[in-house]
Each structure stands twice: as C-alpha cells, then as structure tokens.
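*Asks:* In order, the protein sequence lines correspond to chains A and B.
Per the UniProt record's numbering, the first sequence runs over residues 1 to 308.
Per the UniProt record's numbering, the second sequence runs over residues 1 to 253.
Just so you know, the hints here were simulated from the structure itself, not pulled from any lab data.
Incorrect hints may have been included.
Claimed, not checked - Counterexamples of contact, computed for chain B against chain A with all Cβ distances above 12 Å:
1) W7
2) M12
3) V129
4) V241
As the list claims (entries may be wrong) - Taking lysine-lysine and the DSS-like style, the derived pairs with C-alpha atoms no more than 25 Å apart in a straight line are:
5) B:K84 / A:K140
6) B:K84 / A:K131
7) A:K108 / A:K127
8) A:K228 / A:K218
9) A:K108 / A:K131
10) A:K128 / A:K140
Positions of the beta carbon are idealized from the N, C-alpha and C atoms, including for glycine.
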Amino acid sequence: MPSILSISGVSKTYATGFTALKEANLDIQRGEIFALLGPNGAGKTTLISIVCGIVNRSSGTVTVDGHDISKDYRAARSLIGLVPQELTIDAFETVWATVNYSRGLFGKPANHAFVEKVLRDLSLWDKKDAKAITLSGGMKRRLMIAKALSHEPRILFLDEPTAGVDVELRQDMWTMVRRLREDGVTIILTTHYIEEAEAMADRVGVINRGEIILVENKAELMRKLGRKRLLLELRNPLTAIPEAFSRYALELSPDGGQLTYTYDNQAERPGVASLIRDLEAGGIQFRDIDTQNSSLEEIFVNLVRREP
Amino acid sequence: MNLRAVWAIYRMEMARAFRTVLQSIVSPVISTSLYFVVFGSAIGSRITEIDGISYGAFIVPGLIMLSLLTQSISNASFAIYFPKFVGSIYELLSAPVSYLEIVIAYVGGAATKSIILGLIILATASLFVPLSIQHPFWMVAFLVLTAVTFSLFGFIIGIWAKSFEQLQLVPLLIITPLTFLGGSFYSINMLPGIWRTVTLFNPVVYLISGFRWSFFGKSDVSVGISLGMTVVFLLVCIAIVAWIFRTGYRLRN
C-alpha cells in the first residue's frame, strides 16, 4: 500500500543559519500511529510545520496522499489536521464559533451535527458558548483538538499532545486516538512521555539534531535494541566479582548483595544458562532471581547519546 | 477558490468588530464629534468660508478620510498581527487557502469596517452641518478605494510588525501627521507657495482633495490626479503583499 505521507530529502536552514533539519526522509503508512521521538530542539516541530505548510522548507519534497504540498497544497492540506504544541487560540471567541470557523477555513460546508459530535466526544459540548479565555488548560487542549478534527482530516498531527495535561485527559485523548485510528485516520505524534509512544505507536522514529536516525516497527525496535537484565540477589554479599566471571561483564551493587547481568539478542556474549551454571560451580549462591526488559525510553536515551 | 474560507475569515473579522463595538465604532464617532466642536465651532467662527463652502462642511470629507485611513490601517494591521502574536496563525497557514483568499478576507473585513465607520461619521456630521454630495458615485468610489488601499497597507504593517510598538509606529508617526498636513482642516491653497509645493508630495492630499471634490465639486488638485495617485498607491501595496506571500516574509520563515 502506498504511504499516505512521504517526506524526501527535506532540509531546513533558518535565516539565522541554524539548520533544523538535514535531508530528512520518512514514509508514513496509511492508518498507522507513528511516534516521532527526539529531545528538545531536535527538529520535530520543524518537520511537522513543513508538512503542514507553516514553515517553508529549504529543499526536498513532501507529498500527502500523492499530492505535492507546494504544487497541490489545497488537496494536501485539506487532508491534514494539526494540534500544535502551544495553546494558541483566539481567546475571545466562543468554542462553537472557533470550531465552526476552523471547518470553514478548510473549505468544508457547515455541518453543525458533525461539529456537535466532535465537541461531545471531547466533553466540550457543555462549554460550547464559553469563550476560550474562560477555559482551563485541559479544556483549551481539547478545543485545539476539536478545531483540528473539525474538517474531518485523514492525517492528524499531535505535537506533544499530553504535555501538561492531567491523567484523565491523557486517557481520554488516547481513547480518542484509538477511535480515530479505527476510523482509518493516520496519526503522527510527538511526545516526551515515551511510555505513551510505547503503549500507542505502531512505529517509532527517532530524530536528533535535525536528522532522522532511526525508523522502526516498535516491536522490532524493542527486540533489536532492547536489553534484558538479569538481577541476582546473593545469599552472601561479595566484596568483588571473582576474576573467573570477567567474561560476563557483571555489575556488583555497592553493598555487594546484587549482581546484574545485562544481555541482548544481538551481542555475542554468553547466555544466562551458562552464567547460572558457572555461578553454582563457583560456589556463589543466590536467593532470588529477576529479569527486566529495557523500556523504549532507555532505548531512546541510548540512541540519542550514541550520536556524536 | 476556497470561498468558504474567505467567508469564514471575513465573518470572524466582522464578529470581532461587533464584539468590540465601543472601540470600533463609538470611540471614532465621539472623537469626530469633538473635532466638529473644536474645529467646526471654535475655528469655524473665525474662518467662515473656504472656496464658497462653509468651514463646518468643508472639513467633513477630511474628517471622514482621517478616520478612514487610521481605522483601515489599524483594523487590518491588528487583524493579522494578533493571530501572529498569540500563535493562532498556524491554523491559517496550514489551511488550504491561497494568499489571494487570505488578503481578500482580511482586507475585505477591515475595509468593510472602516467604510461603515466612514458612513456613520458622515451621518454624524450631517447632524452638525447641512451637507450635499454632488457626485455620490465618486464619493463611494473614493471611500471604497481608500479603505481597500489603506487596509492593504495596514495588512503589510501587521505582517512586518514584530511588536505592538512597531504596530503603532507607522500610523502614529507617519499616517496621522500626513493626514493632518494633508488638508483635512484647510485648503492647501491657503498655504504659502513653498509649503504648497512640499504638501504636494504628501499622498494624503490627493485622497482628501478627490474626496472633497465628490462632495462639493471643488478640489485643490485635479480629480484625475487624485484618482491616479490613489490607484498607484493601491498597486504599490498589492505588489508588496504579493512579494510578502511569494517569499513567506515574516510568515513562513
């Protein structure tokens, strides 16, 4: 199936000389949830802004469902809904007026029933006559989403959607994202809460210093780059790791009561079974054993650190 | 053409004017009335007639132009600067609207507001002095042309401005002095020779002169030149706006 969004060789250098994006290439599959991860200033928002038409790119091409974002910008943009990071709403407009305005701006005929549904889905219906300035931060965030959904987009960009949002709204938001995906909407999100990407995304992209350094199926990424840890609670604390175990690169806790063995599928290091056999043979007894999987967050931190 | 978007922006802009009716309509009407009291009554009692027109009536076109220019600029500059300032411009830039549609909607909204205001001032003025309009078609033509031209100019200022201070700078330091020195309250023929020549470099002179002609059939400079100068300024503004949008100047960079 052709990708719904194709970014090819896109670069952006601002007038100040700062290069925010370097030859970015990315293909987003139809109907997937794609999480774009990266530290602050990595180029996430610049990339989204270029696709949405807010920032001019310095070079490269972007197509949305086959429509070039420059030559065929009307068709391309009408497919996209954007929820930006900042809460930027005309404070003096009512919820009802501003959402209907957004729909009109995207060239859609008035459809009060649809706008009502969007507002009800986002628990905003009771506030429809309230001015944006009177809404709480969470409600404003919902309003931004309502505006983005008002023209029935096929691709939804959520730029840090859960930053500064309470738990209830976060859960509501993820329920909404799943529902949108069921309706066939492609979702691209950036987030600092990596556990959310871990829970929600089908694929993950990592961007750092303007370069997309990795794009991978999430499960595959976890398998490839994820590490496992074996934790051994020792019956008798050790003062040092015996020389015979040097090939395992074990770590001893400061109190000498716990040994940690880190291993992964890729490394050519001896397996868990041989370690346990060797420990028994060496007379090191343990009273408990535990294993841990590294999280996407650790993978992300490792990837970003690895960059020069 | 995304007419729905044009209509959505236009309606939003008009709604904003009605929401701030006190600021948009009432305050210019009050200040115009004050001009009538000060200039019309106090000074008018000493200058009885100019070119055979009573002083009170003579200043009406100038007063309308004064409000039309300043309000067109402030309406349009604020309309585009405010979303830039609060960040909500992202929505406009990401929408499937062309530059032309954006300009039509914003400039149309700003010009409509200032034209309504001009007509209200005209109605207010008619309460103070008896007025007749000799060339109603040209009166409306000058009104619309000036409102559109200066709304475009305001739009440019709104995009250029990086702060509220800059937003006020051009209207305050350039437009208001030019309007006061452009013959709002006097005929430029009353000036000494050298100053009369200097005044001819002031574009506002042509606007006021042409507009006054549509009321009284008399003008400081020929109507053709007035019309020509207004159209030239309109074309200059259109060219600048076209350049802004082609380069993304202070919008997409």
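*Asks:* Confirm or reject each hint.
*Replies:* Checked hints:
The beta carbon of W7 (chain B) sits about 6 Å from the closest Cβ of chain A, which is not more than 12 Å, so the claim that it is off the interface is violated. With a cut of 12 Å on Cβ distances, M12 (chain B) falls inside the contact zone with chain A, its closest approach being about 5 Å. The claim that V129 (chain B) is not at the interface with chain A holds, since no C-beta of that chain comes within 12 Å of its own (minimum 38 Å). The Cβ of V241 (chain B) lies farther than 12 Å from every Cβ of chain A, with a closest approach of about 17 Å, so its non-interface assignment holds.
For the suggested pair K84 (chain B) and K140 (chain A), the alpha carbons sit about 18 Å apart, so the restraint of at most 25 Å is met. With a C-alpha separation of about 20 Å, the suggested pairing of K84 (chain B) with K131 (chain A) holds against the 25 Å cut-off. For the given pair, K108 (chain A) sits about 23 Å from K127 (chain A) by alpha-carbon distance, which is consistent with the 25 Å threshold. Taking the CA atoms of K228 (chain A) and K218 (chain A), the gap is about 16 Å. The hint holds against a cut of 25 Å.
Using a Cα cut-off of 25 Å, the hinted pair K108 (chain A) and K131 (chain A) holds, with the two alpha carbons roughly 23 Å apart. Of the pairs offered as hints, the one joining K128 (chain A) and K140 (chain A) holds, with about 12 Å between alpha carbons and a cut-off of 25 Å not exceeded.
Hints 1 and 2, counting from the list given before, are not met by this structure.
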